[in-house]
Amino acid sequence: MKTAAVAGARGHDVVLLERASQLGGNLNVLRLLPTRSEWHVAVENLERELELAGVDVRLDTDFDADALRALAPAALLVATGSLWDRSGYTQRRPERPGNPRRPAA
Amino acid sequence: MALGAKVVIYDDAGEYMALGLADLLSAAGVTVELVTPRLYVGEDVAPTLQLPDIMPKLIAGGVTMTAQTFVDFVDGDSVGLVDGWAQTSTRRIDRVGTVVLSLLRLPDDALYRQLAPHFHDIQRVGDALAPRSPAAVIYEGEEIGRAL
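Protein chains in written order, with this note's numbering: chain D, 1 to 105; chain U, 1001 to 1148.
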């Protein structure tokens, strides 16, 4: 969102494709916690920046390589976020038995 | 509650998320155990002065907080803890409904890998490049926006 807003404000033609029905990604999870609802201000600020910068925001948009090629972008940025690791690994205890990524030595 | 009557949150992220989840669950009547290998619970929340707000709520909610401790194993509905320094077994938590891992986040860059062969000027940004705090990601966003 930030990159789109800055690039748009600098005169680039920017299309922001969002797979979900709302912008914000990870911040939308944080704002569900008790007393943390004000995190929505961060998302709203960015949404307003996008609006002022004239960014073409498309929600609920799924796409593949062909659809993206049709847009003929000069630059393509992929911001698909992150997933929580479920292996139980922590770098504070790399020698943990059973850790699939433990060092061989 | 779908998560069960007792939930263990194992947190090495040190951020607000684990504390907020413990607050949410304990307020809903769930017995919550918060375990961290760090020196204390909410280590990275302390510098932002949020502990005086959240800690009384966790204590009132009966959340058991155990620091300097690793989860050694999850076996059925039991969770084994070991001391963070001595690596010796300290305690076993039984009848656990759910274990929540708040440890590492991994980049979700499957789409990038799928698209990369088809585009000349393509890059990963934000958490998809390296998971970080929202502030760090927004800083990077500004930087890339200027560089384009």
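Hints in this document: simulated from the structure, not taken from any laboratory. Please read these numbers as outputs of a predicted model, since none were measured by experiment. A hint or two may mislead.
One side only, chain D facing chain U, incomplete, derived with CB under 8 Å [claimed, not checked]:
id	residue
1	N26
2	A75
3	L77
Here a beta-carbon is modelled for each residue, glycine too, at the ideal position from N, C-alpha and C.
Each hint tested on the structure:
Below 8 Å, beta-carbon pairs count as interface contacts, and N26/D has one with chain U at about 7 Å; its hint therefore holds. At a threshold of 8 Å, the smallest CB-CB gap from A75/D to chain U is about 5 Å, leaving the interface hint in force. Hint status for L77/D relative to chain U: holds, with the closest Cβ pair at about 5 Å, below 8 Å.
Going through the hint list in order, the structure satisfies each hint without exception.
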